[in-house]
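Student: These are the residues of each chain, in order.
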Amino acid sequence: MELSKQIAFSRRSFLKTSALASGGMLIGFNLFNACKSDVAPPIDLSKLNYNDFNAYIKISKEGKVTIFSPNPEIGQGVKTSMPMIIAEELDVLWDDVYVVQGALDRKNYKRQVAGGSGSIRSSWEPLRQTGATAKQMLINAAAAKWGVSASECSAKAGVITNANGDTLGYGDVVTEAATLEVPTDVTLKEPKDFTIIGKGKSNVDIDKIITGKPLFGLDYKEEGMLYASVLRPPAFGQILESFDDTSAKNISGVTNVIQFGDKIAVLAKNTWAAIKGKNALKANWKQDSEAEGSKFHDESYLKY
Amino acid sequence: MPTFNLTINSKKHTVEADMDTPLLWVLRDQIGLVGTKYSCGIGQCGACTIHVEGNAMRSCLLQVSQAEGMEITTIEGLSKEGNHPVQQAWKDIDVPQCGYCQSGQIMTAAAFLDKNPNPNTSEIRNAMHGNICRCASYNSIEEAVKVAADKLS
Ligand code: FES
Ligand code: FES
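Going down the list, the sequences are from chains F and H.
Per our numbering, residue 761 is the first one in the first sequence, and the count goes up by one each step.
Per our numbering, residue 68 is the first one in the second sequence, and the count goes up by one each step.
With the rest of the complex left out, here is chain F (with noise of 0.2 Å):
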């Protein structure tokens, strides 16, 4: 597999900020791996006219941090990982910020899975870079209302402090920062000094699971929605040659059967419906090419 890692950005083409309507900043970036850079955000950003740009990170005036990744969460911990590392290099309360998953997008993204433990190894730069771009600008911001040099000030945990002891809070001048130029000279931290990155956060979800709260696909509702079960091949090879469905048709609450490729949905009002008409179709399956056996992953490992 390809990684990401040689990928020379520049950091004005890979990250944006404006302001935000509602005071706060918003930064675009682009996450390489996952995403073409030159598509439509994963939410209706429109009017900010970020369009092209697929990761986001809110800055609000109350100094708090929302991070929009598109990665897929599936246990691997990355909605809790890849905030870590922004909210480290922008230095701020690892409590002051929302990680929200960016939605399914299938045709701004070319691949918005995960797999092959290449996440963090491809995005660890853009998003220290990303984290410290913000903090940078946040202090340029600090330093222009107090009227000194921004290399007298330095930020830590949310708070800017200059050389006399002000102190402002990120939310006090994230307004004025989103309008200023991003600097393409940022450093980024000392790992001896990481706070967040190496300390174990616990995941980002954990009160939502503990108290069965929605927060996986078949949680989700709408209203009017139908329930679809599907029926697929019982063995790779194989490839549907028939199908009855009269009493898959017959089961209260069954609303319409579809076929697609060599797979049959059942449509109906409830889960339990769609299941029991699943169960009632009657398949012809037709072996077509070699069936998956031992040998077939044997050296279809091998290749890897």
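None of these hints come from the bench; they were simulated from the model.
Each residue gets a CB set at the ideal place from its N, CA and C atoms; glycine is no exception.
Honestly, I wouldn't trust all of these hints.
Listing some non-contacts, in silico: residues in chain F with all C-beta distances to chain H over 10 Å [to be verified]:
1. Ser820
2. Thr927
3. Asp932
4. Asp945
5. Leu948
Below, a list of computed lysine to any residue pairs in the SDA-like style, where the Cα atoms sit at most 25 Å apart [claimed, not checked]:
6. Lys213/H <-> Ile966/F
7. Lys973/F <-> Asp161/H
8. Lys818/F <-> Gly783/F
Fit chain H with the ligands to the supplied structure of chain F, relying on the hints for placement.
Tutor: For chain H with the ligands alone, coordinates are given in the frame of chain F:
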């Protein structure tokens, strides 16, 4: 369609459903309690575990008609604010990875500890082994059950 009177998390619900509908789908589709998960639908994984009269049971195998008159508890009703000792232990140890299997794990552990508040390791493994975790968070689960047991005693 027949009507059923259910008591779920101490609340009464009247639902219309086919006789053979698993309680799982009544909970999820009709009552909107989606914390109880569907995975295998055939009693093999434990993702759908709930409490029936305090016993851990698989809601994918329990027909709605059998649930009438029973005291049913789902993950949403295990505690008011996620502060059941098992939930807290799960948080202390940061057990969940994707989280999908975890309401089932928590419900199984809570019912188990209710009957055996001082289990040894092999009793814990025995009690939890029917709950499958695709993320393989088994070591954390075992540790969290021990922490929960400490909290309970
Ligand atoms: S869904 Fe009930 S045991 Fe798997
Ligand atoms: S945490 Fe992912 S299946 Fe158990």
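Student: Can you give the numbers of the hints that this structure goes against, from lowest to highest?
Tutor: Every hint satisfied by this model.
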